[in-house]
Amino acid sequence: MTNVTLNPQQPRTAEMAARMDEVKGRSLWADARARFLRNKAAMVSIFVLALVVLFAFFGQHLSAFDNETIDWDVLGNVEVLGKPSLANGHYFGFDESGRDLYTRVVQGTRVSLMVGVIGAAIAVIVGTTYGAVAGFVGGRVDSIMMRFVDIALSIPYMFVLILLLVVFGRSIGMLFVGIGLTAWLDMSRIVRGQTLSIKNKEYIEAAVATGVPWFIIIHRHVVPNLMGVVVVYATLLVPQMILTESFISFLGLGVQEPLTSWGALISEGVSTMNYGMLWQLFIPLGFFVVSIFAFFFIGDGLRDALDPKDR
Amino acid sequence: MTTPLRTLLMASALAFASPALSQATGPNGEALAEDQTFTYRVLDEHSSVDPQIVEDVSGSEIVRDLFEGLYNQDADGNLVPGVAVSHTVSDDKLTYTFTLRPEAVWSDGKPVTAGDFVYAWQRLADPETASPYQWFVEVMGLKNAGPVMAGEMPVTDLGVSATDDHTLVVTLENPLPYFPLTTTHASTFPAPKWVIDEFGADWIKPEHIVSNGAYVLTEHVPQERSVRERNEAYWDNAGTVVDKVVALVINDENVALTRFLAGELDRTEIPTGQYPKLKEEYPDEAVVFPRLCSYYYTINVSDSAPEFLKDVRVRQALSYAVDRDTVVEKVTQEGQFPAYTFTPAATAGFEVPTVPYGTWTQDERNTKAVELMAEAGYGTDNPLDITLLYNTDEGHKKVAIAISQMWKQTLGVNVTLENQEWKTFLEERGNQNYEVARAGWCGDYNEASTFLDLVQSGSGYNDAKYNNPEVDALLAEAKTMDDPQPNYTKVEEMIAEDMPIIPIYHYTEGYMMSPGIVGSWPTQNVEQNWYSKDLYKVATE
Amino acid sequence: MLSFIIRRMAVAIPTMLILIIASFYLMQFAPGGPFTSERPLPPQVLANIEAKYGLDEPTWKQLVNYVGGILTEFDFGPSYKYKDRSVNDIIAQGFPVTLTYGTISFVLAIVIGGILGIAAAIRQNTWLDYFAVGITIGAQVLPNFVMAPILILIFTLWLGWLPGGGWNGGQWQYVVMPVIALSTSYMASVARLTRSSMLEVLRSNFIRTARAKGLPNRTIIWRHALKPTLLPVVSYLGPAFVLMVTGSFIVDSIFSTGGVGYFYVNAAFNRDYAVMMGLTILLGSMTILFNMVVDILYAWIDPKIRL
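Residue numbers (our numbering), protein chains in the order written: chain X, 255 to 565; chain Z, 21 to 561; chain H, 14 to 320.
Hints were generated in silico from the structure; no laboratory data involved.
Incorrect hints may have been included.
To be verified - Heads up, simulated DSSO-like pairs for lysine-lysine below, C-alpha to C-alpha not over 30 Å straight-line:
#1 H:K65 / Z:K213
#2 Z:K225 / Z:K130
#3 Z:K485 / Z:K510
#4 Z:K297 / X:K337
#5 Z:K428 / X:K337
#6 X:K455 / H:K317
Throw the hints in and build the complete structure from the sequences for me.
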């Protein structure tokens with residue numbers, strides 16, 4: 255019985271569901287947390303991600319160098335003199351311009367984690383709200399909202415970015431605007447699709463029949479049932495956001511030299527991989543891959559934990 | 021101006037006596053490769069193969085193969101006969117009479133006539149054509165070029181006419197000693213009126229095009245490849261060795277290099293900074309040679325510029341603190357020439373002047389730079405903030421990173437690097453919306469004025485908005501001088517003094533080329549006007 | 014359903030119009046124009062060129078002329094950069110390319126991604142699950158601008174099996190690497206969405222009921238669980254399909270396939286307005302069309318969803 259009432263999909267009546275949610279709300283989350291803590295892959299991933307975050311914010315203290323000073327002796331012969339070395343303190347070696355790669359990766363990690371997390375957060379918040387409202391309200395509102403998404407998906411994104419640069423100038427802030435502009439679009443379509451299906455479920459119909467306001471229904475009943483797909487899709491978005499950043503920066507809108515990011519470091523690494531400087535590719539790529547793995551497992555763990563049906 | 025003319029006469033005398041090349045051996049008796057296909061990489065799709073419309077380098081390369089103008093260039097950049105076998109100049113130096121070779125025919129068999137040139141040049145000048153190189157008729161100094169371009173006179177009034185099928189008469193507005201040099205430019209090549217009339221804008225499609233050069237266009241897949249093959253009707257078909265030329269569009273230089281190493285290409289560019297390594301691994305394939313181009317930073321000295329840039333001491337200090345040797349030896353690494361003056365040494369008939377700071381050691385320059393900055397009131401307690409603008413590109417980025425660090429480490433200047441995509445960059449730089457910006461310039465023709473005109477106050481390319489009446493006067497005077505070198509020297513010295521631009525290096529071109537083609541590549545032609553018909557592939561191994 | 018399609022088509026017209034107007038004005042505001050170059054053209058020359066292309070007219074009139082040209086002659090205008098070609102030429106040549114490698118990639122992404130996702134869900138927390146998840150994550154985290162040059166390095170330089178680029182009319186050797194580079198990340202996304210959706214469906218009451226009734230597992234999966242599982246996957250695939258068949262900048266530019274994906278980015282850099290508009294209209298109409306298809310599929314998947 256407890257199982258059933260905790261499940262928002264199956265309340266006997268809307269009032270009952272609402273009351274149960276209030277009474278048992280905490281235990282729902284506590285349950286989820288307990289389930290999450292039992293998930294080994296997710297716990298390991300949290301640990302790994304925590305290390306990456308620590309690295310990003312405190313890593314520079316382990317190095318005597320900074321991310322912009324050129325070692326003129328190494329410049330021009332990075333392949334031979336710029337290899338990673340514990341002895342000289344350049345743990346990750348040098349980049350193509352003769353700068354300490356370790357501190358560049360530290361700083362790039364900072365930018366990219368921020369971009370990934372903020373981009374995904376925008377997608378989750380805006381996309382979920384937008385999609386849930388469109389799907390739930392339906393009719394003409396849905397039609398207008400979704401045609402807007404169609405237009406936003408097709409409008410020449412590059413021009414939007416170039417225009418942003420002209421009107422607002424460049425800054426890290428504009429980078430997030432540029433990323434946020436598109437991040438939520440696909441999310442909103444996915445959420446709307448799910449919502450269309452959820453809103454025909456008996457418990458929602460019951461809630462509607464008993465006059466529960468629509469935003470409460472969305473908040474209490476629709477969104478919790480969306481979380482699984484939202485979380486998984488959000489983790490899919492993280493690497494996409496991180497790579498989009500390097501493209502936006504390429505246009506002059508994002509981070510500028512000497513600042514860097516994973517995307518920029520990886521693409522520099524790709525351009526030198528033919529010339530024997532593989533560490534310039536594999537170190538930043540390694541950080542990227544490990545972090546994305548961690549995000550994915552955490553996402554899966556969250557999904558399993560939040561699944562209202564899962565026991 | 022005398023030099024080109026002299027070389028022209030010499031070259032005409034030699035007249036390239038059509039050495040009867042058998043397919044088996046090259047001009048110097050080398051054994052030729054079986055497969056005479058030359059495949060090279062281009063960065064981007066060409067704009068057009070219409071001689072009067074083309075505006076980019078890769079398009080001009082194709083046009084030079086498909087069409088043949090009055091004169092061609094040889095491997096050293098000297099003029100050699102093309103469709104014209106010779107010309108005479110009137111005593112007032114205003115009328116040039118070209119004699120065309122009677123055996124020249126179009127790929128459809130029609131003879132190449134003087135009328136085809138008249139049509140082409142009129143077409144170039146015609147506002148209706150809307151050629152981006154319309155202004156070239158003015159550069160050539162053709163009579164009535166201005167009014168015709170403006171549509172105030174009919175195109176028939178342009179100073180070019182045909183007295184018979186093989187005699188072309190050109191009338192100039194003013195004497196122009198280097199006029200014959202302009203006839204190697206793609207926009208002056210003849211055009212087949214009958215084909216253009218029939219097919220309109222589609223005439224340059226492979227299925228319609230008719231051309232008079234050594235090759236015909238046989239295939240064009242945009243953004244993938246274009247193919248030109250031997251034109252059997254070409255008058256010197258017997259002397260042409262390469263049968264087929266393929267241009268592959270490959271955007272990424274590193275991918276292009278991989279494909280070169282896989283044997284898919286005969287020529288590709290060496291990515292920035294990789295020459296030493298490639299030279300070591302592939303000594304026969306890696307080639308560099310000087311180009312007629314200058315890499316520099318332009319400083320905004322317009323009225324709207326920030327005050328500190330108007331202080332000549334700051335500009336000098338910024339220039340002195342740039343360690344050019346380090347830039348070319350450790351960043352670009354392609355044998356570029358450190359530059360203290362604007363015009364490259366490779367320019368024909370130009371003597372690079374010695375400017376004082378060019379003779380100092382870098383330590384001396386740095387010391388002097390620090391002093392100047394201190395005099396101007398900037399130092400560690402009052403650091404200068406400067407923004408350095410460059411367009412998005414790996415090579416420009418590396419140079420900018422290095423120079424910003426030189427300024428920072430030597431002068432304590434805080435440099436903000438700012439990259440922009442190309443068009444935004446051009447707009448910002450062109451509107452003096454910058455402090456210091458990257459710039460590069462390649463000569464339109466092989467003479468120093470193509471560079472020095474950039475510092476003229478009225479020049480549309482003077483992005484620094486440098487305005488020095490004395491420089492303007494010297495350059496104006498140089499136009500009519502027999503030996504303009506003294507004026508050029510003075511101008512270079514004044515640039516070095518006022519420092520509206522910071523010369524950094526003079527370009528080289530670095531190629532990876534298959535060993536078979538290296539021998540015939542015109543590395544001495546600093547303009548890199550190459551013709552596939554002059555290439556040949558030697559058998560290797 | 015027919016009335017739904019008619020209704021959607023009716024809405025599509027104003028939607029397209031808004032898209033066209035918004036894009037048209039947006040482009041005008043970007044700095045620089047198609048003829049901005051390192052060597053600024055003399056004003057007279059620029060005026061000739063602008064007159065030739067009708068760019069000297071006020072923007073609204075250019076817009077009217079442009080839309081008029083499309084409606085009356087299906088003429089999308091000239092390319093300002095590649096003067097030998099019209100926009101129609103570029104799309105006629107480039108769209109079949111991306112359509113080919115995009116469709117193949119799409120099918121692969123659905124089939125492989127779907128199978129991996131379902132397998133992982135059915136055998137949750139077994140080695141099969143971990144294997145499938147591992148593969149999909151591996152495929153997802155390698156950005157295609159890293160993967161593409163590495164593919165060329167391996168298959169062209171080291172093994173010499175495949176040509177390093179080009180399209181050659183779509184011969185299979187030229188299609189393999191673009192498809193690999195494009196499909197992997199979509200495949201991974203499909204697999205992950207399928208897995209999570211399937212897990213959710215498998216725990217719902219009607220599946221439990223089916224289990225309780227003793228239906229064989231296979232029947233439960235294929236007959237009952239699969240359809241609802243597809244819902245989020247289909248939502249994802251609508252826009253993804255459009256993106257795949259309109260090509261990828263990275264794929265087109267690294268493999269020199271000549272597809273429209275390259276021009277989509279390049280036209281923006283070149284301020285090649287007409288090319289950009291043509292591609293925007295292509296992308297927009299495909300987006301509208303396939304989002305409609307997605308909505309129709311919703312009704313098929315869940316008959317309770319009203320169109």
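Taking only the CA atoms, is the gap from K65 of chain H to K213 of chain Z under or equal to 30 Å?
-> Holds - the C-alpha atoms of K213 of chain Z and K65 of chain H are around 20 Å apart, at most 30 Å.
Is the straight-line distance between the alpha-carbon of K297 of chain Z and that of K337 of chain X 30 Å or less?
-> holds (16 Å)
Pair hint K485 of chain Z and K510 of chain Z, alpha-carbon separation not exceeding 30 Å = Cα-Cα ~19 Å, so holds.
For the pair we were handed, K225 of chain Z and K130 of chain Z, check the Cα-Cα distance against 30 Å.
-> holds (19 Å)
Does K428 of chain Z pair with K337 of chain X here, judged by a C-alpha cut-off of 30 Å?
-> holds (25 Å)
K455 of chain X paired with K317 of chain H [C-alpha distance capped at 30 Å] | The hint holds at about 9 Å.
The structure shown violates none of the earlier numbered hints.
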